[in-house]
Amino acid sequence: MGKNGEAPRRVLALGATSAIAEATLRLLAEQHASFFLVGRNPQKVAAVRDDLLTRGASAAVMHAADLYDAAAHPAMLAQAVAALGGIDLALVAHGVLGDQAAAEKDYAVAEAILRTNFLSAVSLVTWLANYFEAEHRGTIAVISSVAGDRGRKSNYIYGASKGGLNVFLDGVRNRIDRAGVQVLTIKPGFVATPMTAHLKKNALFAEPAQVARHVLRAIERRKDVAYVPPFWGLIMLVVRSIPRRIFKKMNM
Amino acid sequence: MGKPDTKQEQTPRIESQSESSFESWGRYPKFHADVVPLHWATDFPLPHPPAAKQLPVGLGRSYGDVCLLENGTLLQTSGLDRLLHFDAATGMLRCEAGASLQQILDFAVPRGFFLPVTPGTKYVTVGGAIANDIHGKNHHVAGTFGRHVLRFELVRSDGTRLICSPIENPAWFAATIGGMGLTGLMTWAEIHLRPIVSRKIDYRGEKFHGIDEFFALSDAAASEYTVAWIDCVSTGRNFARGIFMQGDHSETPGPLTRSKEPKLTFPFDLPEFALNRFSMAAFNALYFHKQVGRRKVGPVDYEPFFYPLDAVLHWNRMYGKHGLLQFQNVLPRENGREGMLEILKAITKSGLASFLAVIKFFGDIPSVGMMSFPSPGVMLALDFPIRREVSFDLVDRLARITQEYGGRMYSAKDARMTAEQYQAFYPQWQEFSRYVDPGFDSAFWQRVTGRRQIDG
Numbered sequence: 009m010g011k012n013g014e015a016p017r018r019v020l021a022l023g024a025t026s027a028i029a030e031a032t033l034r035l036l037a038e039q040h041a042s043f044f045l046v047g048r049n050p051q052k053v054a055a056v057r058d059d060l061l062t063r064g065a066s067a068a069v070m071h072a073a074d075l076y077d078a079a080a081h082p083a084m085l086a087q088a089v090a091a092l093g094g095i096d097l098a099l100v101a102h103g104v105l106g107d108q109a110a111a112e113k114d115y116a117v118a119e120a121i122l123r124t125n126f127l128s129a130v131s132l133v134t135w136l137a138n139y140f141e142a143e144h145r146g147t148i149a150v151i152s153s154v155a156g157d158r159g160r161k162s163n164y165i166y167g168a169s170k171g172g173l174n175v176f177l178d179g180v181r182n183r184i185d186r187a188g189v190q191v192l193t194i195k196p197g198f199v200a201t202p203m204t205a206h207l208k209k210n211a212l213f214a215e216p217a218q219v220a221r222h223v224l225r226a227i228e229r230r231k232d233v234a235y236v237p238p239f240w241g242l243i244m245l246v247v248r249s250i251p252r253r254i255f256k257k258m259n260m
Numbered sequence: 055m056g057k058p059d060t061k062q063e064q065t066p067r068i069e070s071q072s073e074s075s076f077e078s079w080g081r082y083p084k085f086h087a088d089v090v091p092l093h094w095a096t097d098f099p100l101p102h103p104p105a106a107k108q109l110p111v112g113l114g115r116s117y118g119d120v121c122l123l124e125n126g127t128l129l130q131t132s133g134l135d136r137l138l139h140f141d142a143a144t145g146m147l148r149c150e151a152g153a154s155l156q157q158i159l160d161f162a163v164p165r166g167f168f169l170p171v172t173p174g175t176k177y178v179t180v181g182g183a184i185a186n187d188i189h190g191k192n193h194h195v196a197g198t199f200g201r202h203v204l205r206f207e208l209v210r211s212d213g214t215r216l217i218c219s220p221i222e223n224p225a226w227f228a229a230t231i232g233g234m235g236l237t238g239l240m241t242w243a244e245i246h247l248r249p250i251v252s253r254k255i256d257y258r259g260e261k262f263h264g265i266d267e268f269f270a271l272s273d274a275a276a277s278e279y280t281v282a283w284i285d286c287v288s289t290g291r292n293f294a295r296g297i298f299m300q301g302d303h304s305e306t307p308g309p310l311t312r313s314k315e316p317k318l319t320f321p322f323d324l325p326e327f328a329l330n331r332f333s334m335a336a337f338n339a340l341y342f343h344k345q346v347g348r349r350k351v352g353p354v355d356y357e358p359f360f361y362p363l364d365a366v367l368h369w370n371r372m373y374g375k376h377g378l379l380q381f382q383n384v385l386p387r388e389n390g391r392e393g394m395l396e397i398l399k400a401i402t403k404s405g406l407a408s409f410l411a412v413i414k415f416f417g418d419i420p421s422v423g424m425m426s427f428p429s430p431g432v433m434l435a436l437d438f439p440i441r442r443e444v445s446f447d448l449v450d451r452l453a454r455i456t457q458e459y460g461g462r463m464y465s466a467k468d469a470r471m472t473a474e475q476y477q478a479f480y481p482q483w484q485e486f487s488r489y490v491d492p493g494f495d496s497a498f499w500q501r502v503t504g505r506r507q508i509d510g
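Chains A and B are the protein sequences, given in the same order.
In terms of our numbering, the first sequence opens at residue 9 and continues consecutively.
In terms of our numbering, the second sequence opens at residue 55 and continues consecutively.
Honestly, the hints are just simulated from the structure, not real lab data.
Bear in mind the structure is a predicted one, so any value in this text is a computation, not a measurement.
Backbone N, C-alpha and C fix where the C-beta goes; we use that ideal spot for every residue, glycine too.
Any given hint could be a false lead.
[Unchecked claim] Pairs of lysine to any residue, SDA-like flavour, derived with a Cα cap of 20 Å:
1. 314(B) to 38(A)
2. 317(B) to 217(A)
3. 84(B) to 443(B)
4. 317(B) to 38(A)
5. 84(B) to 500(B)
6. 209(A) to 368(B)
7. 317(B) to 221(A)
8. 314(B) to 222(A)
9. 209(A) to 85(B)
[Said to hold, decoys possible] One side only, chain B facing chain A, incomplete, derived with CB under 10 Å:
10. 95
11. 137
12. 138
13. 139
14. 359
Same shape as in the complex, but just chain A (with noise of 0.2 Å):
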């Protein structure tokens, strides 16, 4: 791809299982994409693969491997490149949401935090970077959070690794969107997705389905960053606004 408004016709998914992930790639199955799946649980990546091929995916190609492990991604990547003869999308999108209590008290659980959401990603989207450079094409687009935009008390760890991806992406895109690469910051408010599963849900929650449309959207308009779905935007413009000395005495 590279043109405005064309869909990606060969797709890297990074963590094919999280829920926004794989809503996002029934859309793009519909208009015959074929894929490269990585997730951990074979038999969960799997079902994804039959779901995408049933509804109309060219091809996929299944890659169990934990993300975690950053030793093993250029391998990985270089792997897909092979079978999808080319990505014109890599769509990152594992990540957890920790224990928050839990990370407070003990560095080793903030640690596995950190590493899974943010250096995991930035050892996958360093790789990607050069290689989509030098194709002067293609999307990078990551799944972040709006939790990313300011710490609160409440998911400062998890806060933390997403706000470190965004500044990473934004130095990423400040050297490669010259190259003709998009690089996407995709910042979900609140999704009901298994990762959110014990959360009371509110009228603020969105489907996956309602997300992945957001998503595909700011793909084809090349977008930068995308609040999804857009209202959060406007939410975290009033978060960020509200003056220090205020906000920390908030319970948030």
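Chain B: place on chain A using the hints.
Same frame as chain A, but now just chain B:
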């Protein structure tokens, strides 16, 4: 502490579930339960099985308490919505059990296929369609949904996984079709879709006055789909008037586009006084006269033909916060005329009927399920708003008339049958109970096996 699970690997944790507000479509009765959403076929059995009993649920479109379990754990299956395989040569679709009929239509119609049997809403899951062995307007030629099920996987709470078909584990196949979710969790199923060449239905609507004209029209009908709307409010000259509707899939090739998402949602609970004898009489008169001539013929889209109420999401709010009772029964043909007349008289006299009454002849194609509702004869279905002092008495009277005339009532629509009535309608219930998963139960099953008192 090792590395954390990645998000896609998280399994639902029982201790962290939110309070349930899971309601059945009738919104009566109401029970508290924990709701555990399932996303993968491997999520069940749960990693930390609950002490309380469990029950799989789908989209909550059954009316009474077959999808409820007080203080139990409801296994919400709508996240199991993957389409696993489709063979366009045979129409065989394998999908996870939480896939809805809407999702299947969105997939199948553009490919020139349609559901083999469909109920009056597309917002039900495949698992729910099998567990209640649902029927549609083509029952007289196609039988129930279960007849078009080729195979499924059943997972018991002890982790046993059974592939069930008419050949493999046939007893489990028969017990699970119409088994109300009590025999275990269905993870996937294979169903046989039928080809179509257009979204259009060739429709014919004919007005009738009285039950005899309805019987005559049913006997003369040659279409795949037949159903009649019947006025259960009017008395005297207009008693049992209605519109006999029939249709066939159009054989003229036409557009096979995907349906649009509905835009309307019924926004709030209507106050109780809004549905009364006068507003219902006005509605029924309006509906009857909407069709101007005695006969109306022409092509219509399948959406309004099969799913007129799906255009308004949450239409059950129209009945107010107390909800509604549905009554659905079938009487054998030989007693059908007298029995239905007695039932219709009791209903019109009560003045409680609303506008959603349908009457149809079931065919004699046997159901596959051990506990399936349909049997040859005449079927009536309608809703009542809940007015404690009168609606419960009326439904009880209708149940007694049904029993007297050798008929039976539909579990998926019922909230009030007594254990005695149920056991008379379904004498095979004890045999069925041998297949009930020891870890599973439902509010319905507790009621009809005499383990739960009916209130009011």
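So which hints don't hold here, by number, going up? Of the numbered hints, 4 and 14 do not hold.
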